[in-house]
Structure formats: structure tokens, C-alpha cells
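Chains A and B are the protein sequences, given in the same order. First residue of the first sequence? That's 1 in my numbering, and the numbers climb one at a time after it. First residue of the second sequence? That's 1 in my numbering, and the numbers climb one at a time after it.
If a hint is listed, it holds; no wrong ones were tucked in.
Below, a list of computed lysine-lysine pairs in the DSSO-like style, where the Cα atoms sit at most 30 Å apart:
| # | chain 1 | residue 1 | chain 2 | residue 2 |
| --- | --- | --- | --- | --- |
| 1 | A | Lys20 | B | Lys100 |
| 2 | A | Lys41 | B | Lys42 |
| 3 | B | Lys71 | A | Lys41 |
| 4 | B | Lys110 | A | Lys41 |
| 5 | A | Lys55 | B | Lys42 |
| 6 | B | Lys100 | A | Lys66 |
| 7 | A | Lys20 | A | Lys64 |
| 8 | A | Lys55 | B | Lys100 |
Partial list, derived from the structure: chain B residues whose beta carbon lies under 7 Å from chain A:
| # | residue |
| --- | --- |
| 9 | Leu8 |
| 10 | Lys42 |
| 11 | Gly43 |
| 12 | Pro44 |
| 13 | Phe103 |
| 14 | Thr105 |
| 15 | Gly106 |
Hints are computed from structural coordinates only; laboratory data are not their basis. Only a predicted model underlies this, so the values are computations on that prediction, with no experimental measurement involved. A virtual CB, placed ideally from N, CA and C, is assigned to each residue, including glycine.
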Amino acid sequence: GAVVSQHPSWVICKSGTSVKIECRSLDFQATTMFWYRQFPKQSLMLMATSNEGSKATYEQGVEKDKFLINHASLTLSTLTVTSAHPEDSSFYICSARGREGYTFGSGTRLTVV
Amino acid sequence: GESVGLHLPTLSVQEGDNSIINCAYSNSASDYFIWYKQESGKGPQFIIDIRSNMDKRQGQRVTVLLNKTVKHLSLQIAATQPGDSAVYFCAENIGGGTYKYIFGTGTRLKVLA
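Please work from the sequences and hints to get the whole structure.
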């Protein structure tokens with residue numbers, strides 16, 4: 001079945017630094033990938049839709065300069081949290097749309113200290 | 001600091017009993033719905049889906065019911081097992097040719113031995 005690999009699974013960074021999270025579709029091509037954010041005991045909130053070869057579409061209230069998304073190939077989308085602050089600490093999850101539907105990555109837990 | 005999150009509603013079920021998890025969706029134009037299971041620290045896993053032209057769909061041990069009149073979805077799990085313990089989310093596709101999914105708040109299922 002379709003597999004989406006997300007890396008890293010856990011990252012701790014200092015306040016003010018940037019962190020890049022990768023989302024790869026391993027056995028299928030994904031023209032569209034999605035990035036979600038999930039706070040503890042809350043649901044997934046869609047942050048942006050990543051389209052291969054074009055600019056990402058951000059949801060209302062999500063700062064595009066803060067959360068940089070690049071979808072340079074059909075199998076890779078990256079989310080870079082720039083100048084991270086403690087309030088950016090969260091669980092970030094990507095999903096990719098393939099033939100069989102939507103597959104989620106395993107998530108990245110970001111802790112900013 | 002970390003946001004104060006909502007506490008997820010919890011459903012406690014005895015092992016072997018049937019579970020019913022409910023979800024109210026928001027958009028009457030939504031035309032496709034998915035139930036996901038999320039274990040702690042992991043990304044969501046697809047369980048079952050249903051299109052808006054159906055009111056019931058059955059999988060292995062799971063059944064999804066859709067009531068468009070009241071915008072309500074339910075997930076029924078037969079003979080609940082300890083491995084079913086997780087948080088369950090419904091997600092609606094808002095239609096209009098978009099691939100965006102809006103997730104419900106989630107329900108934590110606890111299976112009691």
C-alpha cells in the first residue's frame with residue numbers, strides 16, 4: 001500500500017532557529033500534499049496545501065513566511081518552521097494524495113526550548 | 001507557551017462489546033467522509049470512507065453510517081479489542097473539486113479488559 005515517510009519524527013530546537021520537516025511518498029507520486037498541525041488532545045488543523053511545482057496554498061491565519069513549504073518533486077514536500085518559538089511546539093503531520101486515497105505520515109513532534 | 005487544549009470526549013467500552021463513535025460535520029456540501037484512527041504519537045490511519053450518495057458502508061468489523069439530514073456520521077466497531085484503543089477522527093471533504101479535509105474534534109476510545 002501507499003507509504004508516506006515523514007522525517008524527523010522528533011526534534012528539539014532552540015528558540016530562534018529553523019527546523020525543516022520532510023514528507024516523502026515512497027511508492028507513489030503525489031501532486032498534492034497537505035500539512036497539518038495538532039496540539040495535544042486536539043484535532044488536526046490543516047495548515048496548507050502543497051502543490052508540486054507551484055506555491056503552497058495556506059489556510060487563513062497561517063503565516064506563510066513562518067511556515068515555508070516547498071514541493072519540488074512529486075515525492076517530496078518540506079515544511080520549514082522559521083525562527084521557531086515555544087508556541088510553535090506541536091505535532092506536525094503531512095499527508096499525500098495517491099491513487100488509493102490519502103495517506104498520512106507518522107508525524108513530527110517539534111519542541112522549541 | 002503550550003496552548004490549553006480541549007479535552008477529547010472519551011468512550012470506554014468493555015472488550016468484546018460493540019463501540020459507536022459519533023461525529024457531527026459542519027458543511028452540507030461535503031461529499032466524502034473518512035474515519036481515521038490515531039494512536040498516541042503517530043499519524044492518522046485510514047479506517048473506512050463513505051461518499052455522500054451512500055448512507056451505510058461496511059468494512060471488516062467496522063461500519064460507517066451517514067445521516068445527511070442532520071449532518072451526522074457514526075463509526076461502529078464490532079467486538080471491540082484492546083488494539084482498538086486510540087483516538088478516532090472523522091474528516092469531511094468539503095467538495096467543490098478541492099482535496100481539503102476538515103477534521104472533527106476526535107473521540108478517545110478506551111477498551112477495558
